[in-house]
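Colleague: The chain contents come next:
There are 4 protein chains.
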Amino acid sequence: MLGNTFGEHFRLTTFGESHGTSVGGVIDGCPAGLKIDFAMIDAELARRRGDGVEGTTERKESDQIEWQSGIMDGVTLGTPIAFLVRNGDTRSEDYDSLKEWQRAGHADYTYQKKYGIRDHRGGGRASARETVSRVIAGAIAKQLLANEGISIISETVVADLQSATSDNQTIGGKVRCNIYGVKPGIGEPVFNKLNARLAYAMMAIPSAVSFEMGAGLQATEMTGADYADRWNEVDVADFKSATTDELKQSSNQAITRTNHCGGVQGGISNGMPIEFTVGFHPVVTQIPITQCRNRAGEVQMIEIKGRHDRCHVSRVVVIVEAMAALTLIDFLTPNLSNH
Amino acid sequence: MLGNTFGEHFRLTTFGESHGTSVGGVIDGCPAGLKIDFAMIDAELARRRGDGVEGTTERKESDQIEWQSGIMDGVTLGTPIAFLVRNGDTRSEDYDSLKEWQRAGHADYTYQKKYGIRDHRGGGRASARETVSRVIAGAIAKQLLANEGISIISETVVADLQSATSDNQTIGGKVRCNIYGVKPGIGEPVFNKLNARLAYAMMAIPSAVSFEMGAGLQATEMTGADYADRWNEVDVADFKSATTDELKQSSNQAITRTNHCGGVQGGISNGMPIEFTVGFHPVVTQIPITQCRNRAGEVQMIEIKGRHDRCHVSRVVVIVEAMAALTLIDFLTPNLSNH
Amino acid sequence: MLGNTFGEHFRLTTFGESHGTSVGGVIDGCPAGLKIDFAMIDAELARRRGDGVEGTTERKESDQIEWQSGIMDGVTLGTPIAFLVRNGDTRSEDYDSLKEWQRAGHADYTYQKKYGIRDHRGGGRASARETVSRVIAGAIAKQLLANEGISIISETVVADLQSATSDNQTIGGKVRCNIYGVKPGIGEPVFNKLNARLAYAMMAIPSAVSFEMGAGLQATEMTGADYADRWNEVDVADFKSATTDELKQSSNQAITRTNHCGGVQGGISNGMPIEFTVGFHPVVTQIPITQCRNRAGEVQMIEIKGRHDRCHVSRVVVIVEAMAALTLIDFLTPNLSNH
Amino acid sequence: MLGNTFGEHFRLTTFGESHGTSVGGVIDGCPAGLKIDFAMIDAELARRRGDGVEGTTERKESDQIEWQSGIMDGVTLGTPIAFLVRNGDTRSEDYDSLKEWQRAGHADYTYQKKYGIRDHRGGGRASARETVSRVIAGAIAKQLLANEGISIISETVVADLQSATSDNQTIGGKVRCNIYGVKPGIGEPVFNKLNARLAYAMMAIPSAVSFEMGAGLQATEMTGADYADRWNEVDVADFKSATTDELKQSSNQAITRTNHCGGVQGGISNGMPIEFTVGFHPVVTQIPITQCRNRAGEVQMIEIKGRHDRCHVSRVVVIVEAMAALTLIDFLTPNLSNH
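Protein chains in written order, with this note's numbering: chain A, 25 to 363; chain B, 25 to 363; chain C, 25 to 363; chain D, 25 to 363.
One chain only, chain A, in its complex shape (with noise of 0.2 Å):
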């Protein structure tokens, strides 16, 4: 099994190391005729990179993206499209001192056992610089999911930021994601139920630790009679024309008077709003001193010169989305028209 690619209608393939030429990637499978927003993909960057956000990286990449191919005239083809964004700044001699040490807490240890080699370089493949790649995709994946009616809404659910910040200690968090305008009928059965899916795509995202579905943990304290989610008795809106707004309010609207399963019974939309909830660990990485690992078994504390997040969770919300577009869109593409 290869780890590299992301869907099987709506096809993801992400390349680059964190300090290589580039980081990119390759989606198969857009349909042709979409014209790209492209602020909004610049936008959707934006947002990951925490732009304004108290607490994030110093390392501040322009994220330029070079379009390769798939797009013309700024509409797409229906053949791949390739795109990939430069590692501008790095610093690679900050990591010189990891050429033989492997961070506690870190991929360094795995890497190096399943490949017998590994580029050292700000974490590499493992680095969350690979996320560019999904961001983007991302965000054409919305794109074509605003033209089906389709909204995703996540927002962090973090204590306390700053007391965090201030003693330079890491948090971790959970991300809320809520998902408008997906009609009864979507998802597979058995396996490639819609939960499982989004529970794959969800958990592939650097630092994820847990996945809820719907009212998640709390479903497992109630009783039966508390959880079955009762019909309403009219029929679900069509929520292609709503705004997002009315999308919310529709809840007097909606087929279920309450929605714990999180709009997925059976592994299949029911048209209510899809809820889920992703945890995230904290950065592991200890600055300015990690300990560390080396071939032979030896442990040493070593200073690390790279830049990372206090509390990253916050540039993770457009992670979370933009996976759970390349989920739902992958669902959705082979009934979309090509033009």
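Worth flagging that the hints you see were computed from the coordinates, not collected in a lab. Think of the CB as a built atom: it goes at the ideal place given N, C-alpha and C, for glycine as much as any other residue. Incorrect hints may appear among the rest.
A few chain C residues that face chain D, going by a derived Cβ cut-off under 8 Å, partial list only [as the list claims (entries may be wrong)]: (1) Gly-129; (2) Ala-131; (3) Val-214; (4) Lys-217; (5) Ala-220; (6) Ser-234; (7) Met-237; (8) Gly-238; (9) Trp-255; (10) Val-308.
No farther apart than 25 Å at their CA atoms in a straight line, the calculated lysine to any residue pairs in the SDA-like style are these [as the list claims (entries may be wrong)]: (11) B:Lys-207 <-> D:Pro-208; (12) B:Lys-123 <-> C:Leu-58; (13) D:Lys-123 <-> D:Arg-254; (14) D:Lys-207 <-> C:Ser-231; (15) C:Lys-207 <-> D:Gln-136; (16) D:Lys-123 <-> C:Asn-256; (17) A:Lys-123 <-> D:Trp-91; (18) C:Lys-329 <-> D:Ala-249; (19) C:Lys-123 <-> B:Ala-56.
Position chains B, C and D relative to chain A; hints supplied.
Modeller: Structure of chains B, C and D alone, referenced to chain A:
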């Protein structure tokens, strides 16, 4: 995307409706030369039936497996292993009332919306009866894993089953799963992380609502300094020849002092035990009367005669293990010899 | 890469050894709501058996299909369709001599090398008996294609069957296949060209040795000026409502004046009939005595008691059509409605 | 089904239009630790350009590869290898006349029908320019195969290139390919037969019209007694350490006396050389004037200023080898060590 196949290298395709002729599956990719332990498979099926467990469903299938192919003289041939289990003890007439009515909290509505048709008898394809096939395939996967020194041990973490069963309420709960003996280097970076594939597999179990890797939700509230799993100064033990007790006691041999990450870093195993927790919502069927909806949107209380568990979580344990086994063997199969 | 599954969207997985319990298959992805014509499937199986054709194998199965799932009241549910056909008329003892001996020209040696074990009875998994499953699935595919106005018509192009059968020799031959009613736009560029997928499907038929698209080998000897299919000045007809005769006579309606390309340009259908030819080598079993080899490399002439065709090409016609149908429906399924 | 990815274990995804920014690809699954021979890759690209060959296209790219990822200090990391080659020498204005006109015999019409939009410049995605990416990936595959003792040697079988080139006609031809050193047991039964995968790969080359395995069409006219490859009494040689000359002369070491089957039985290699022949139709572009059609169905003769080969078959040889290498390495990769 199709829903009924799990895995790429060790690939299970399941079929069957709850009240159809049979449920069963085809395994493609099982290495040749495995001498099947049929008694162990039967014992796993007995765990799934909950033989002797209070509060489980009254429907009792004998679960006689009819092997069709891929095995000669009890040894696998490397060709597809097809099997089926007939649906003997069905009382399809119990479900006649559901032809026109869709139960609250079930997949009746979503299947109808997706396919325009559904088998209303006993949940049809959405019934947990389908997991028979997963348990059979998972048992074969466990036998292969055992030959590689890997064992999977799960248990329920459920508050108070007895109180629930006494007052005719249904309850859910959690299952904790530990996998011993996985060497470093298993899992693929970026999208097919071992933890992401596990999350996908677990959320594909009926009634699953949450997945936590390692410390899970607790990790979202820890500081990075507390969360980071620090190195031990001794190398990881070769788990292959150890007994389960030895494995559990080998923490002083472990490569890290704690295991908050649950044995996976950067999506790749680090040689520590793989640990995760799965939460399940309670059975939603309200006995004897469940709220239902017809295609016109009318809502009514209907008497349901089918049989259902008051707490199904103890039966789910073996399914959690089966899906974990299928996930792991899918990563390992390319490296197994065919004979 | 696993061998026993064909297709991505309409996906057939087959199982079964020639002298095992049964041969059969699972179809995932068949749209819901198809009313199955069971008599037509039986008729296709009769074509495969060569009922009434001189020179075909004497083994006569009744080929009773036992449907397991995915169909209720004769209508597809959208869930996996599993079926099996028992291997009734086996004379496994005929093959006892082959336990230790590998026949020249067969797959006995290669299976043994690949798996370290093989089912020696009647060719095991390598037997053409396996194509029963393809014919059943192909018949369902044909029924779906017929609803889209697509028909597949094949015939043998074989020099002199009678002379071959009279002197106990086996001979091969060619099958020409024409597919009418495929609209422009079917097929994927670059690797999954419609012609490439057809070549793959055809060469996966036992004893296939050649594949020619359109003019085939003749095209390699033409000049570009002669080969290029020039435009007609009228637009392509909508083939959906036409009869087969009308389709054949509609050349004056065709979009091109000639059809050297066989209806595919750049890997994508152009609305002309899809035309290709498949060649088959003769049955290699020498009756009554075949040269064999054991694992030590010793060679000996062994008497084989199994039954084999003198010319199998007339029986292959329906398999060519089945594989063509499976190839086409795989491209078309995403665009078919589920009900 | 998506079109732009080839392979499951060693997986190439290509991108790029002929006159877009670049053509390129991403390889996922290349084992770590391969020291890349960059000069050999350049030499393969020179073969594709037909440097020094009379009658080939006048467009001369320098084909400078810009490596993006997956390689550090010339050694593969096991992570995706992304590369691109800029489209320098484009004269897009040559193709302005084709914006509204679709050339006879080309993919202009089918792309327009499929996508509702097309890049009309130089054939866009359908241009043979795309094969640059296949040759680069194929060269890496060859380097891996060479380490396993496998070599691929092809040559044209073309009647009279000179006569064709003298009178401004285009001609096609055939390429014969021989693969030495493949051990027994490679290939999968039933659908993913080695010969079926090779047919798929070859027919996915632009202008391919026929595929013959081993004796090919001749086999359709032989008797079974003549066709069957009889055993030699000596065991198959270990080809790994032999030179190509030794390989060719090792027929007395071969496991069979003849090789009509082309080294594959039951879809699985038998240790004999893999042999097949691919036919190609002539370049269809008529210079200087080609018949064209617009979307209204009007037909007209249009002057085409683009540059095209008179005989492209000699340039195709390296593409045949590349696709053969990609096919083989896809089967072998799971068994290769990562370092």
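Colleague: Are the Cα positions of B:Lys-123 and C:Leu-58 separated by 25 Å at most?
Modeller: holds (19 Å)
Colleague: For the pair supplied as a hint, D:Lys-207 and C:Ser-231, is the alpha-carbon distance within the 25 Å limit?
Modeller: At roughly 21 Å apart (the allowed maximum being 25 Å), C:Ser-231 and D:Lys-207 satisfy the hint.
Colleague: Using the nearest Cβ pair, does C:Trp-255 come within less than 8 Å of chain D?
Modeller: Where the cut-off is 8 Å and the nearest Cβ of chain D is about 4 Å from C:Trp-255, the hint holds.
Colleague: Between the alpha carbons of D:Lys-123 and D:Arg-254, is the straight-line distance 25 Å or under?
Modeller: The hint is violated at about 58 Å.
Colleague: Does the nearest C-beta of chain D fall within a distance shorter than 8 Å of the C-beta of C:Gly-129?
Modeller: holds (4 Å)
Colleague: Any CB of chain D closer than 8 Å to the CB of C:Gly-238?
Modeller: holds (7 Å)
Colleague: Would you settle whether the hint for C:Met-237 is holds or violated, based on the nearest Cβ-Cβ distance to chain D being less than 8 Å?
Modeller: Constraint on C:Met-237 satisfied, holds at 5 Å.
Colleague: Would the pair B:Lys-207 and D:Pro-208 pass a check requiring their Cα atoms to be no farther apart than 25 Å?
Modeller: violated (30 Å)
Colleague: Hint C:Ser-234 vs chain D: min CB-CB distance below 8 Å?
Modeller: Since chain D brings a Cβ to about 5 Å from C:Ser-234, closer than 8 Å, the hint holds.
Colleague: For the pair we were handed, C:Lys-123 and B:Ala-56, check the Cα-Cα distance against 25 Å.
Modeller: holds (17 Å)
Colleague: Could you grab the alpha-carbon distance between A:Lys-123 and D:Trp-91 and see if it respects the 25 Å cut-off?
Modeller: Measuring from Cα to Cα gives roughly 22 Å; hence the hint holds.
Colleague: Just to be careful: measuring from the Cβ of C:Lys-217 to every Cβ in chain D, is the smallest value less than 8 Å?
Modeller: holds (5 Å)
The earlier numbered hints that this structure contradicts are 11 and 13.
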